[in-house]
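**Q** Top to bottom, those sequences are chains A and B. Going by my numbering, the first residue of the first sequence is number 1, and it counts up by one from there. Going by my numbering, the first residue of the second sequence is number 102, and it counts up by one from there.
Check the hints yourself; a few may be wrong.
Claimed, not checked - Partner residues aside, some chain A positions facing chain B, computed with beta carbon under 8 Å:
no.: 1; residue: Leu45
no.: 2; residue: Ser51
no.: 3; residue: Phe65
no.: 4; residue: Ala70
no.: 5; residue: Ala71
no.: 6; residue: Ala79
no.: 7; residue: Thr82
no.: 8; residue: His85
As the list claims (entries may be wrong) - Beta-carbon label-pair distances, calculated as ranges:
no.: 9; chain 1: A; residue 1: Asp98; chain 2: B; residue 2: Phe107; range: 46 to 54 Å
no.: 10; chain 1: A; residue 1: Leu84; chain 2: B; residue 2: Thr161; range: 24 to 32 Å
no.: 11; chain 1: A; residue 1: Asp98; chain 2: B; residue 2: Ile261; range: 23 to 31 Å
no.: 12; chain 1: B; residue 1: Ala198; chain 2: A; residue 2: Val87; range: 34 to 42 Å
no.: 13; chain 1: B; residue 1: Phe157; chain 2: A; residue 2: Thr93; range: 29 to 37 Å
no.: 14; chain 1: B; residue 1: Thr161; chain 2: A; residue 2: Arg86; range: 24 to 32 Å
no.: 15; chain 1: B; residue 1: Gln210; chain 2: A; residue 2: Val76; range: 33 to 41 Å
no.: 16; chain 1: A; residue 1: Arg83; chain 2: B; residue 2: Ala195; range: 30 to 38 Å
no.: 17; chain 1: A; residue 1: Arg27; chain 2: B; residue 2: Gln210; range: 29 to 37 Å
no.: 18; chain 1: B; residue 1: Val265; chain 2: A; residue 2: Val88; range: 17 to 25 Å
no.: 19; chain 1: B; residue 1: Leu257; chain 2: A; residue 2: Arg86; range: 20 to 28 Å
Simulated from the structure, these hints should not be mistaken for lab results. Backbone N, C-alpha and C define an ideal beta-carbon position, used for all residues, glycine too.
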Amino acid sequence: MNEILNQFLFPALALFLTGLIGAMFKRNLIGIFMCIELMLCGAMLAFVAFSSVYNNMDGGVFAFFIMTIAAAEVAVGLAIITRLHRVVGTVSTREMNDLGD
Amino acid sequence: MEMESFIYCLFCAMCLGGGLGVLALRGFVNSAMSMLVSMLGVAGLLLLMRAYFLAFIMVTVYAGAVLVLFVFVVMLIGDRREDRSFLSKFMLLALWAAMCACLAFFEPQITAAGMEASSAGASLEPGSILALSKNYGYFLFTKFLLPFEIAGLMLLAAMIGVIVIARLKRAGNTKA
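Sequences are here, hints too, so could you generate the full structure?
**A** In structure tokens, the structure reads:
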């Protein structure tokens, strides 16, 4: 049982940390957004892993909610990104430094 | 059991490889395709956990809707390559490799400690409750009714918000 939890928590944590590294270090808004999606996926995998091992339904249902949140977040975020691209003319975070000049 | 562990390794590699691709590739479309690989890996892991319904939703919602939305937006704003020096890419890869190594080394111990701390009874037959789609509906409408309603309200709010953002006039377009 411990081994089962281990073998499913490893990809979950790896996916979450991959997303975290990407969200910190990537330089375009779309990439950062994809990495946030990866983080959500990792969290969902961990939920389902615990739910599966403890034979409890709560984690599975929360995975459902995580997917809902991810879908809504992507819709709003990508709308903001397209809007920002229309106004600023770029999606690179290096070039969005107007306040720093 | 051999077969299952082989499939597990395959899906794990898809997860991690896709994540690495999202990190390291510079083109937007390349990153999106890597994310697709990663999502399919996650769906496979969900299948291995006997969460068949969640795996199905994962493929339809993530690999279907979310990824298509990403590719659509990339089409709108134009594919371009991320400006990045070789050094920062190398640093990214090194960071990722260090993270994976740390995780593979420490994660079993952390999990073991957590399992000791929580003395709740765990089943020896994992995932049997997740396999039935009927359970999701039952729990969504009994124990999680309020979160379910809130999620519906949130989706409505997101939809209205997206429409409002898309319909904004070009008032803020004075920036040079």
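**Q** Would you mind marking each hint as holding or not holding in the structure?
**A** Now for the hints, and whether the structure bears them out:
no., hint, in the structure
1, Leu45, "holds (6 Å)"
2, Ser51, "holds (6 Å)"
3, Phe65, "holds (6 Å)"
4, Ala70, "holds (7 Å)"
5, Ala71, "holds (6 Å)"
6, Ala79, "holds (4 Å)"
7, Thr82, "holds (6 Å)"
8, His85, "holds (5 Å)"
9, Asp98/A - Phe107/B: 46 to 54 Å, "holds (53 Å)"
10, Leu84/A - Thr161/B: 24 to 32 Å, "holds (29 Å)"
11, Asp98/A - Ile261/B: 23 to 31 Å, "holds (29 Å)"
12, Ala198/B - Val87/A: 34 to 42 Å, "holds (38 Å)"
13, Phe157/B - Thr93/A: 29 to 37 Å, "holds (36 Å)"
14, Thr161/B - Arg86/A: 24 to 32 Å, "holds (30 Å)"
15, Gln210/B - Val76/A: 33 to 41 Å, "holds (39 Å)"
16, Arg83/A - Ala195/B: 30 to 38 Å, "holds (35 Å)"
17, Arg27/A - Gln210/B: 29 to 37 Å, "holds (35 Å)"
18, Val265/B - Val88/A: 17 to 25 Å, "holds (19 Å)"
19, Leu257/B - Arg86/A: 20 to 28 Å, "holds (25 Å)"
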